[in-house]
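Protein sequence lines correspond, in order, to chains A and B.
Number 384 marks the last residue of the first sequence (the numbering used here); no jumps.
Number 384 marks the last residue of the second sequence (the numbering used here); no jumps.
Mixed in with the good hints, there may be bad ones.
[Claimed, not checked] Computed footprint of chain A on chain B; a stretch qualifies when at least three of its residues, placed anywhere within it, have a C-beta under 8 Å from a C-beta of chain A:
| id | segment |
| --- | --- |
| 1 | 21 to 29 |
| 2 | 57 to 70 |
[Claimed, not checked] Pairs of lysine-lysine residues, derived as DSBU-like cross-links and limited to a Cα-Cα distance of at most 30 Å, are as follows:
| id | chain 1 | residue 1 | chain 2 | residue 2 |
| --- | --- | --- | --- | --- |
| 3 | A | K87 | A | K120 |
| 4 | A | K120 | A | K269 |
| 5 | A | K224 | B | K331 |
| 6 | A | K79 | B | K225 |
| 7 | A | K97 | B | K228 |
| 8 | B | K97 | A | K97 |
| 9 | B | K269 | B | K254 |
| 10 | A | K225 | B | K130 |
| 11 | A | K152 | A | K97 |
| 12 | B | K20 | A | K20 |
| 13 | A | K36 | B | K20 |
| 14 | B | K318 | A | K20 |
| 15 | A | K289 | A | K269 |
| 16 | B | K266 | A | K87 |
| 17 | A | K225 | B | K331 |
These aren't lab readings, by the way, just hints derived from the structure by calculation.
Glycine residues also receive a C-beta, built at the ideal position from the N, C-alpha and C atoms.
Listed below are the residues making up each chain.
There are 2 protein chains.
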Amino acid sequence: MNETLLMIPGPTRVSPRVLKAMSENIVNHRSAIFGKILSETTEMMSEVFQTENHSYMITGSGTAAMEAAVENILETGDKILNIVGGKFGERFMNIVKSHGVNSLPLMVEWGDAVNPDDVKNALEENEDIKAVTLVHNETSTGVANPIKEVGKILTDYDALYIVDTVSSLGGDEVYVDDYGIDICVTGSQKCLAAPPGLAALTLSNDAWEVVERTDSQTYYFDLKKYRKSGDAEPPETPYTPAVSLTYALNEALKVVMEEGLRNRIKRHKLAAKATRNAIKSLDLELFPKEEVSSTTVTAVNIPEGVTDREFRGIMRDKYHVELAGGQDHLKGNVFRIGHMGNITHRELITTISAMEMTLRELDFDVEMGEGVAAVADTYLPEDL
Amino acid sequence: MNETLLMIPGPTRVSPRVLKAMSENIVNHRSAIFGKILSETTEMMSEVFQTENHSYMITGSGTAAMEAAVENILETGDKILNIVGGKFGERFMNIVKSHGVNSLPLMVEWGDAVNPDDVKNALEENEDIKAVTLVHNETSTGVANPIKEVGKILTDYDALYIVDTVSSLGGDEVYVDDYGIDICVTGSQKCLAAPPGLAALTLSNDAWEVVERTDSQTYYFDLKKYRKSGDAEPPETPYTPAVSLTYALNEALKVVMEEGLRNRIKRHKLAAKATRNAIKSLDLELFPKEEVSSTTVTAVNIPEGVTDREFRGIMRDKYHVELAGGQDHLKGNVFRIGHMGNITHRELITTISAMEMTLRELDFDVEMGEGVAAVADTYLPEDL
Chain A
1 MNETLLMIPG PTRVSPRVLK AMSENIVNHR SAIFGKILSE TTEMMSEVFQ
51 TENHSYMITG SGTAAMEAAV ENILETGDKI LNIVGGKFGE RFMNIVKSHG
101 VNSLPLMVEW GDAVNPDDVK NALEENEDIK AVTLVHNETS TGVANPIKEV
151 GKILTDYDAL YIVDTVSSLG GDEVYVDDYG IDICVTGSQK CLAAPPGLAA
201 LTLSNDAWEV VERTDSQTYY FDLKKYRKSG DAEPPETPYT PAVSLTYALN
251 EALKVVMEEG LRNRIKRHKL AAKATRNAIK SLDLELFPKE EVSSTTVTAV
301 NIPEGVTDRE FRGIMRDKYH VELAGGQDHL KGNVFRIGHM GNITHRELIT
351 TISAMEMTLR ELDFDVEMGE GVAAVADTYL PEDL
Chain B
1 MNETLLMIPG PTRVSPRVLK AMSENIVNHR SAIFGKILSE TTEMMSEVFQ
51 TENHSYMITG SGTAAMEAAV ENILETGDKI LNIVGGKFGE RFMNIVKSHG
101 VNSLPLMVEW GDAVNPDDVK NALEENEDIK AVTLVHNETS TGVANPIKEV
151 GKILTDYDAL YIVDTVSSLG GDEVYVDDYG IDICVTGSQK CLAAPPGLAA
201 LTLSNDAWEV VERTDSQTYY FDLKKYRKSG DAEPPETPYT PAVSLTYALN
251 EALKVVMEEG LRNRIKRHKL AAKATRNAIK SLDLELFPKE EVSSTTVTAV
301 NIPEGVTDRE FRGIMRDKYH VELAGGQDHL KGNVFRIGHM GNITHRELIT
351 TISAMEMTLR ELDFDVEMGE GVAAVADTYL PEDL
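All chains, full assembly: derive it from the sequences and hints.
Put into structure tokens, the structure is as follows:
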């Protein structure tokens, strides 16, 4: 197992402190000692979600929580507004469809964010929309959607507001209660910098009301069971949880608390700005519109004359920096730099410097040090 | 986090070697290096399943794989024969029902195993049974069901044979291909002695045929997606897997291979026999019929005058040995000793000795050392 610097949009690097916590001995998952770890963890999750409501853990990927969020409110004949501007927006739509329920897709060009007015129009034109799904941070395109503004629109409608913050929570502003989010889901392996395998979600009272009256056809994802076990004393999970990953997430959340949520978001914003500045200084092009670009991942068009395979191959094999490629129709056309989790100036300098060298090796016209300087300039205090 | 000896029916103690493997740095889950670890892991899983077919990993608990096994073959109007003789047999039934499909339950008294003739009769009386579910090792009652004999019956019928080997695989005989099992599911945290959070399953060609033509209403558990990703080169999982748990299971399976599957089963059988001998020598009563008792967990009636709370409390708090209580209507009436995973003579001696002292403290008439001697006698070569 190598020492490659992971600059992909998750899973992100996990600190030795968290890895150490993960390797503690397994305890009985139905014991007071595990209950304490679980309740600490879900309380910290609620703090990160910025909600007064309880949070619940599901052993599974972020997609598991996306399905749980949707599946528990669905009934045949429902109509769901799925905002689709990338692979993960599409996923919400496909989850709805896989359950035989009508999806009303609101298509957004890849690289752009949804216009809240379009959400309003869709709601006006379709009175019976039961829920709206939105992916906050679309990692496939490097776009951050305006979850606050869409939330404002939704206050005038009955539709539940379901938001995927898998790749933004802990790195960008997600104020669940303030934004009126009814079901918010996230994953462990992105900005929270824990290993993958745990998902978390939180529900508003409105959402619980719908869940309670819905006869959802699911067993493992039945949120009523998660609530019953999770709100018990000591709290439990309905099925055997990933005990070790819970230790890890617990420790990772302590790191988040020590840094402070607002400081952590500030750090992510600075990293995103530094990355964009470096990209522009190297005459590379951002894939998304800059004004809607993500705080946690930067998608960049692969310049003419350079192939994805060579570029990311050299980055990985020669400089030990792993970047992500494009997904679906963007495969071969963009590369993506994840700057989420514990990323600081140090990792960005390494990454941008390796990019400069790699691009030069591939005959792309680049002045050594320009990107690195752009990173440094971004991090320097403005009054210097 | 304490040093309590875990003698519960899962999760089981994880060896330092496996914990160490788990704490390696996270790698990209869509990389050749992870693909290699994943393919090694699934190949070893197939070896443990004793099948020529591929195995697939799901991030989730054993219940996740139980639901995946059932959900992917279900269509409205189907009829499923659920053999129910304990909490986990019931779970299969509840999963079927939660999907709005007819369950035909074959009820077996808790503490007994299913009679294969009853399965035959049920199949004769109901021509249209699509699948039969059976829990091999019913941890709630300490019973091992005759999966080989039921498999023989099923060769004469079209019904798919779905077997839960969550708490038996790697500790008892599970020869998937020989027994004609169509879908076999297991978990990481029982006899395989890896941390909880990963489930595995394998499907026969017959099962895949049904899965392929079934329009199952699931997204996260869609097995067609697991096959497509898992059989790719390098293999992947459809959604971000629990990378660290995959490292751990990989290492735990290497331990299984080094010990040898048959040796491991032999060791489990010896531990079960030693436990039963100790129980009987202390004039305690087995909950299940002895001839159908489990190889991996022993359920014992709590003797009159002793409360579960006091008994397991002293065992845990004074002697640092954690036993499991009864589930559902057996709560307070039985305790359960898990002897799965890496359990040897050493752990059993500790456990039985602590039991003797605890029972004496609770005024139960016990001769110090008798149970311990019964364990030792079982482990000594027969010709001594």
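K97 of chain A and K228 of chain B were given as a pair; does the straight-line alpha-carbon distance stay at or below 30 Å? With Cα atoms ~20 Å apart, K97 of chain A and K228 of chain B stay inside 30 Å; holds.
Given as covered by chain A, does the segment 57 to 70 of chain B meet the bar of three residues or more with CB within less than 8 Å? holds (count 7)
For the pair supplied as a hint, K225 of chain A and K331 of chain B, confirm whether the alpha-carbon distance does not exceed 30 Å. holds, 20 Å
Between K224 of chain A and K331 of chain B, is the straight-line Cα distance small enough, at 30 Å or below? holds, 23 Å
How does the coverage statement for the segment 21 to 29 of chain B fare against chain A, requiring three or more residues with Cβ below 8 Å from a Cβ of that chain? holds (count 8)
With a cut-off of 30 Å on the C-alpha distance, tell me whether K266 of chain B and K87 of chain A pass. At roughly 49 Å apart (the allowed maximum being 30 Å), K87 of chain A and K266 of chain B break the hint.
CA of K120 of chain A to CA of K269 of chain A, is that 30 Å or under? With Cα atoms ~29 Å apart, K120 of chain A and K269 of chain A stay inside 30 Å; holds.
Checking one constraint from the list: CA of K289 of chain A to CA of K269 of chain A, max 30 Å. Satisfied? holds, 16 Å
Take the C-alpha atoms of K269 of chain B and K254 of chain B, compute the straight-line distance between them, and say whether it is at most 30 Å. Judged against 30 Å, a Cα distance of about 21 Å means the pair holds.
Pairwise hint evaluation, K130 of chain B against K225 of chain A, where the allowed Cα distance is 30 Å at most: holds, 28 Å
Going straight from one Cα to the other, do K97 of chain B and K97 of chain A come out at no more than 30 Å? Measuring from Cα to Cα gives roughly 22 Å; hence the hint holds.
Hinted pair, alpha-carbon criterion (30 Å max): K87 of chain A, K120 of chain A. Please report holds or violated. holds, 23 Å
In terms of the numbered hints stated before, the structure departs from hint 16 and from no other.
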